[in-house]
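Q: Model the full assembly from the supplied sequences, consistent with the hints where possible.
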Amino acid sequence: MGLAPKDARTGGVARPPSAPEDRPLRIAMIGTGRWAAELALEIAHTKGAELVACWDRDTASRDRFAVEFGVRPAEGLEEICRDAGIDAGIACVPNSAHKDVTLALASAGKHVFVPRPIANFVAAGREMARAAASSGVVLFVDHSSSFRPEIDAMHELASSGRIGRLFGAHAMRSADWASESRGSDWHHSPRECPGGPATLLGVPAAATLTRFLGRPVSVRCSIASGLAPSRVPNVATFLIEHESGAHSTLVASGVSAVPNDHLYFYGMKGALMYGPTAAGAPARALLAEAGSQTLEELEPRKLAPGGVAMFVDQVRRGVAPPATVDLALVALATIEAGLRGVAENRRVTVDEVLSG
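Mapping to my numbering: the sequence shown position 199 is 199, numbers consecutive.
Treat each hint with caution, since some may be false.
[As the list claims (entries may be wrong)] Computed beta-carbon distance windows for the label pairs:
#1 Glu243 / Ser107: 32 to 40 Å
#2 Ser292 / Arg191: 44 to 52 Å
#3 Asp58 / Glu297: 38 to 46 Å
#4 Ser107 / Arg317: 31 to 39 Å
#5 Asp100 / Ser160: 43 to 51 Å
#6 Met268 / Ala224: 32 to 40 Å
#7 Arg347 / Ala278: 37 to 45 Å
[Claimed, not checked] Think about it this way: if two alpha-carbon atoms lie no more than 25 Å apart in a straight line, the pair counts; the simulated DMTMM-like pairs of lysine to aspartate or glutamate are:
#8 Lys269 / Asp83
#9 Lys47 / Asp100
#10 Lys302 / Glu42
#11 Lys269 / Glu241
#12 Lys47 / Asp58
#13 Lys302 / Glu344
#14 Lys47 / Asp152
#15 Lys302 / Asp261
Calculated directly from the structure, the hints in this document are not laboratory data. Beta carbons are placed, not taken as given, at the ideal position from N, Cα and C, and that holds for glycine.
A: Below is the structure:
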């Protein structure tokens, strides 16, 4: 993939000294929209992390966020980069801006947290990874949803061989973007989110499928548009061939009245299922075995840390996170390959995207 050699701490070269261990990792929020508030709450509940500053081009949004979370409003990204009292930044901005924010923070010696996906296109993601590696800072991409406790329990069982060799899987991720925003936010912008739900919802699902079935090899995709007002596809369906020989399907929809997050893994001796069993119900992990008339609910054995906690551990203690930059790039390449195949009317391999 052409990336610099990695170590467990940074995903790149050896990092410079981080913040002293006797104080929290001091974090700045770049971008203060809806998801920034979610991450701010996560920071507040994460040991060893402290939100200290924020910045947004929209000064009214920045000032509201600063008051709500009791942090300093910065006048610009340059101010955050110059501030020696800030150790890290969260690039909570539209996908197309992830690269510029990451390059600025990394060049200033700040560690970087990026919500998924890493970028809109693999080329930008590779540039981000190289910048972090050359500066010796951590670049963390928040694919922690692929390591939820229930999914960990499913992966442990699948790895044990209890349901036999996995030969297939299906992932469904959907939201009701059409009625929520009426096509007015950046999710509907071809520049900011070119694949629409495929980019924002499909990438994390592709990461989970990769975790269970192995690296994707090739992808075919079909898209549906015009179901609801939007400048990006409404629904994208992917057929993925994995190096293990298994095949998976992935559906990402932005027009679902009832949001979905479902996973199904099919083995020679049984199947695993994940998701809510009714609208608004909590997700459950279930096992169906050949010859059994009942479903067994899998009980998670531990509480998996959130993305912020993984980020802090990687910066502080050099703990390699399960959600790696390589996984983020492969998941993005899977979706990019499918969308490129639609545009060019041909089969596209994942390696072609990763090496292009």
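Q: Hints first: check each against the structure and report whether it holds.
A: Hints, one by one, checked against the model:
no.: 1; hint: Glu243 / Ser107: 32 to 40 Å; result: holds, 36 Å
no.: 2; hint: Ser292 / Arg191: 44 to 52 Å; result: holds, 50 Å
no.: 3; hint: Asp58 / Glu297: 38 to 46 Å; result: holds, 44 Å
no.: 4; hint: Ser107 / Arg317: 31 to 39 Å; result: violated, 24 Å
no.: 5; hint: Asp100 / Ser160: 43 to 51 Å; result: holds, 44 Å
no.: 6; hint: Met268 / Ala224: 32 to 40 Å; result: holds, 33 Å
no.: 7; hint: Arg347 / Ala278: 37 to 45 Å; result: holds, 38 Å
no.: 8; hint: Lys269 / Asp83; result: violated, 57 Å
no.: 9; hint: Lys47 / Asp100; result: violated, 29 Å
no.: 10; hint: Lys302 / Glu42; result: holds, 18 Å
no.: 11; hint: Lys269 / Glu241; result: holds, 21 Å
no.: 12; hint: Lys47 / Asp58; result: violated, 30 Å
no.: 13; hint: Lys302 / Glu344; result: violated, 45 Å
no.: 14; hint: Lys47 / Asp152; result: holds, 22 Å
no.: 15; hint: Lys302 / Asp261; result: holds, 21 Å
Checked against the numbered hints given earlier, this structure breaks hints 4, 8, 9, 12, 13; the rest are met.
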